[in-house]
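Peer 1: Protein sequence lines, in the order shown, are assigned to chains B and R. First residue of the first sequence: 1, per the numbering used here; consecutive thereafter. First residue of the second sequence: 1, per the numbering used here; consecutive thereafter.
Read the hints as simulated data drawn from the structure, not as lab findings. Misleading hints may appear alongside valid ones.
As the list claims (entries may be wrong) - Now the in silico label distances, taken between C-beta atoms and shown as ranges: (1) 29(R) - 199(B): 42 to 50 Å; (2) 11(R) - 277(B): 56 to 64 Å; (3) 55(R) - 274(B): 54 to 62 Å.
What the hints assert, rightly or not - Among chain B residues calculated to face chain R with C-beta under 10 Å, some are: (4) 173; (5) 176; (6) 180; (7) 183; (8) 185; (9) 191.
Remember, it's a predicted structure, so these values are computed and weren't measured experimentally. Don't be surprised by glycine CBs; every beta carbon is placed ideally from N, CA and C.
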Amino acid sequence: MFLNPYYLQIGSFIAINALLGLGVYVTLSTGQLSLGSAGFMGIGAYTSAILTARYNYSIPVGVVFGALAAALSGVLIAIPSLRLRGVYLAIVTLGFGEILRVAFIRLENLTGGAIGFPGIPKLGGTILERLKASSAGARIFSSMNGNALESLLVFAILLCITLMSAAFFALQANSRVGRAFSSIEMDETAAESMGINVYYYKVLSFTQGAFVSGLAGALYGHVASYVSPADFTYHRAVEILVYAILGGAGQVMGPLVGASILTTLPEVLRFMSGYRHVLYGAIIVLSMIYRPQGLIDSETSDWLRKVFRRKRFIDGGVK
Amino acid sequence: MTALLKVQHLETYYGHIHALKGIDIEVRPGQLVTIIGANGSGKTTTMKTLIGVIKPKRGKIVYDSLDITGLSPHLIVARGMVLVPEGRAILTRMTVLENLQMGAFVRKDESVGADLEKMLNRFPILRQRWDQKAGTLSGGQQQMLAIARGLMARPKLLLLDEPSMGLAPMVVSEVIDIIREIRNSGVSVLLVEQNVRQALAISDYTYVLETGKVILQGNSDVLINDPRVKDSYLGGDRPYNG
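Chain B extracted, bound-state conformation (with noise of 0.2 Å):
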């Protein structure tokens, strides 16, 4: 059953847009609220899509480059806004994913226009020609069905990046960085005056968004094969923001929960048809009333610690 190829399509894009989350987490953690993140991904997805369909470069190497062009734009947009805050950031970012969205649209020579990006080279199929040329690879999967097993690394792969990089924020979370992060998103003038460079952290919080969420529209290019602008419009930025506000902005875990709740909620309602983007608006609208800190807060963190952590106590004989 778990190598049924539908439900690992939806586990990729669980780990894509819980990717997606982790950018809006990030950045919010010094305070910034940005609608950007559609945009980011457009960039990271076209670069990517560029450069391996046109130019040939290998998969990792346009994934790469693409999540890079998004933290350089990230940089650009984030030095004139840094005077900005709360709405005002977001309309400024908001306003950004348009110019972008436009510009993939007009750029047809690069992007192919408002018709899209068709065939972009897939995750799965260059993975699996690459082992069924080992001759040990072709007698091991022979047996197997080779859908079954494209979904199946695209999604190992997929959940390997995006738990790589909640790890990486998970451990900045308590770093020097992650420090200096969260005093400037309690307090800016607290923050200046402890000596903690605000511009260079805000710089660097925006930045990290962006690079992930160019790295999520990258990889989203190489398993969806085509792109096209309607992907990145405010109407998905949106969406993103919603994963990690939904799930709890405050905590790394919480767009991965936020992700996979309303990633997985389509799915589960479909036996309803045409009304369950009412039950999915319904979900959202009742989850932010009663839990509006997001269903993960750093009280059901700090829990859940405890409680995987519970049994080395109890031996210990230490509450």
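Using the hints, position chain R against chain B.
Peer 2: This is chain R only, laid out in the frame that chain B set:
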């Protein structure tokens, strides 16, 4: 003796508002200097300009024989001039201990741990509450924490912006005592206060600010008897005032 801080003809604008109209201030090593003045006279603006949060339009700030005019706050803090901002500005969702650790953000030496210990000894209430979120402390305790956090940066010059604001009279006296102790431990202090009587009583030198200008200055023990200060800030010589 050369001054630790020498401010020459400092002018600051908020947009078109001329907030500081040429201020000269001097703090010598080991001195406790007070700036007093009514609301809107430019006290907080002066502090913010000194620490680099606001860039001055004209004038010069020399600290520790170095021109720091226009330098960013983190560079100024790293050189040992530290501001405890108005309204305490503690990190409410961090614990007391984490707040103190954040105070040492710019330090790279090994003795931060030892200094933490010292600070917890100096402020017993903070030791009692070390694991609590700073937002759960009372106003007075938060002010102690803010000052302790400032000291964690090992300042040569500590800028205190209205540390007694919003505190009960008894707590104010406690804060004033601590400021005196800090000066006695060798740290120079520039203090902005509205509690004029107590500020003058502990400080060496005082500047009186009015609408962005220094209108009066002198040794604090002299100014405390100056009729102009008495009239404007100490409630005058009316009989019921003792």
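Peer 1: Each hint: holds or not?
Peer 2: How the hints compare with the structure:
Checked against the hint of 42 to 50 Å, the pair residue 29(R) and residue 199(B) fails, with Cβ atoms roughly 31 Å apart. Roughly 59 Å separates the CB atoms of residue 11(R) and residue 277(B), a value that falls within the hinted 56 to 64 Å. Distance hint check: the CB atoms of residue 55(R) and residue 274(B) are about 59 Å apart, consistent with the given range 54 to 62 Å. At its closest, the beta carbon of residue 173(B) sits 12 Å from a beta carbon of chain R; the interface hint therefore is violated under the 10 Å criterion.
Residue-level restraint check for residue 176(B) holds (minimum Cβ-Cβ distance to chain R is 8 Å; threshold 10 Å). Interface hint at residue 180(B): satisfied, since its Cβ lies 7 Å from the closest Cβ of chain R, which is below the 10 Å cut-off. Evaluation of the residue 183(B) hint against chain R yields a held restraint, the C-beta minimum of about 6 Å falling below 10 Å. Because the closest C-beta pair between residue 185(B) and chain R is about 9 Å apart, less than 10 Å, the hint holds.
Interface hint at residue 191(B): satisfied, since its Cβ lies 8 Å from the closest Cβ of chain R, which is below the 10 Å cut-off.
Checked against the numbered hints above, the structure breaks hints 1 and 4 and satisfies the rest.
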